[in-house]
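**Student:** One letter stands for each residue in the lines below.
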Amino acid sequence: MRQEQKEITVMTSGPGLYEFSDAARSFTHEAGLSMGQLTAYCRHTSASLVIQENADPDVQRDLLAFFNRLVPDGDALFVHTMEGPDDMPAHVKSALTQTSITIPIVRSALALGTWQGLYLFEHRRKPHARNIVLHALGE
Amino acid sequence: MRQEQKEITVMTSGPGLYEFSDAARSFTHEAGLSMGQLTAYCRHTSASLVIQENADPDVQRDLLAFFNRLVPDGDALFVHTMEGPDDMPAHVKSALTQTSITIPIVRSALALGTWQGLYLFEHRRKPHARNIVLHALGE
Amino acid sequence: MRQEQKEITVMTSGPGLYEFSDAARSFTHEAGLSMGQLTAYCRHTSASLVIQENADPDVQRDLLAFFNRLVPDGDALFVHTMEGPDDMPAHVKSALTQTSITIPIVRSALALGTWQGLYLFEHRRKPHARNIVLHALGE
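Residue numbers (our numbering), protein chains in the order written: chain X, 1 to 139; chain Z, 1001 to 1139; chain L, 2001 to 2139.
These are calculated hints, taken from the structure and not from any lab test.
Heads up, the beta-carbon is just placed ideally off N, CA and C, and yes, glycines get one too.
Treat the hints with care, since some could be wrong.
Claimed, not checked - The list that follows gives simulated cross-link-like pairs (lysine-lysine, DSS-like), each with its CA atoms no further than 30 Å apart: (1) Z/Lys1006 to Z/Lys1126; (2) X/Lys6 to L/Lys2006; (3) L/Lys2006 to L/Lys2126; (4) L/Lys2126 to Z/Lys1006; (5) X/Lys6 to Z/Lys1006; (6) X/Lys126 to X/Lys6.
As the list claims (entries may be wrong) - Here are the in silico distance ranges between beta carbons for each label pair: (7) L/Glu2019 to X/Thr81: 34 to 40 Å; (8) Z/Pro1127 to X/Thr114: 15 to 21 Å; (9) L/Gly2032 to X/Pro72: 43 to 49 Å; (10) Z/Glu1139 to X/Asp58: 43 to 49 Å; (11) Z/Ile1008 to X/His29: 25 to 31 Å; (12) L/Leu2077 to Z/Ser1026: 32 to 38 Å; (13) X/Ala129 to Z/Asp1022: 42 to 48 Å.
All chains should be built: construct the whole structure from the sequences, respecting the hints.
**Tutor:** Written out as structure tokens, the structure reads:
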């Protein structure tokens, strides 16, 4: 049993889904495991992880529209507003999605389904550099 | 340290929770690990995983009612509608729940709490065959 | 490759976020792994896990306010009410957050980001003793 780790950075420019499936696949390939698991871990509380359909771009547009309606920027409910109207909504959206996702490695490949992509979900308006730890374990 | 993998299929017939705790327990037993972890991974973007109470069936009914109210089929917000009024809501419900869940194996058994069941959460109306990868790791 | 497990108990006194980052760090330190992963697993269906900002206490206040507005106690939608008006909302809030979280261990430390804390999210009003299994794996 072996393990490998790597920290990658995803540059973001506003709210949206930023796919890093290819980076995760490359890392899995480099790790050289035929059976095992990959964990992706997001080191932030105003961005998160999500697995979503990667075929029709409208899915990403609709997902954003839903989260923005559910947790609107500038919601009068929030007290924590000093860092901007999009800060507390970003924390809530992160809580509603994932900080870590574990994907099995089967026959040397990530077990992502046909339509599944692995995304960083950016919730802040300003550009950010987001750090994700990839950890592969297996043999 | 050893590991085992198995892909199981859950047949669904409309929105609802489909328990596969027994399949996960059987696989854990077959893997023969006294200490370790089990990861369940759902290979779809319109069905997901959730751990919920398995005692009163009303809990499942209420959970569905909540998600249907929060993300109604045919919501005018959505542009991605070609695959039906329940397609985009299915993606959103998947994002709001889990694609992967990791459960420790303690003294040869899954560490599920007394009232916890492991469920596939189907979000589409039509029947589907849903694939879940089980991955056990430990010794 | 080695592994260690420990069950910890978090005492709660009403809805809120109860941080156990220090307990997770101590356990990781005791396990003595330089590279690996820590999984935290919550054995309940009316309390859950979440990673959130641990700097400004208002973030926790706002997060609670949001979840209480989204899933209000005594919601007329729910049938499962025998265990109290806060019971079914607790199950829903658990489904919307996490039951298990996996964090990489990098250079002998949890890869929590600068502002990330690891919390038990209590959803019930009455005091509870909540059991969390910690599982460290690596070398």
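**Student:** For each hint, tell me whether it holds in the structure or not.
**Tutor:** Here's how the hints hold up against the structure:
This hinted pair checks out: Z/Lys1006 and Z/Lys1126 have alpha carbons roughly 25 Å apart, not beyond 30 Å. Between X/Lys6 and L/Lys2006 the alpha-carbon distance is near 27 Å, which keeps this suggested pair within the 30 Å criterion. Note on L/Lys2006 and L/Lys2126: the hinted pairing holds, with a Cα-Cα distance of about 25 Å set against a maximum of 30 Å. For the hint pairing L/Lys2126 with Z/Lys1006, the CA-to-CA distance comes to about 41 Å; that exceeds 30 Å, so the pair is violated.
Our distance criterion of 30 Å between C-alpha atoms is met by X/Lys6 and Z/Lys1006, whose separation comes to about 27 Å. Taking the CA atoms of X/Lys126 and X/Lys6, the gap is about 25 Å. The hint holds against a cut of 30 Å. Between L/Glu2019 and X/Thr81 the beta carbons are some 23 Å apart, a value that contradicts the proposed interval 34 to 40 Å. Restraint check, Z/Pro1127 to X/Thr114: a C-beta distance of roughly 18 Å satisfies the suggested window 15 to 21 Å.
A C-beta distance of roughly 46 Å is found between L/Gly2032 and X/Pro72, which places it inside the suggested range of 43 to 49 Å. For Z/Glu1139 and X/Asp58, the Cβ-Cβ distance of about 46 Å falls inside the hinted range of 43 to 49 Å, so the restraint holds. Range check, Z/Ile1008 to X/His29: Cβ separation about 26 Å, and the 25 to 31 Å hint holds. Range check, L/Leu2077 to Z/Ser1026: about 35 Å between beta-carbon atoms, so the 32 to 38 Å window is met.
Checking the proposed 42 to 48 Å range against X/Ala129 and Z/Asp1022 shows it holds: the Cβ atoms sit about 45 Å from each other.
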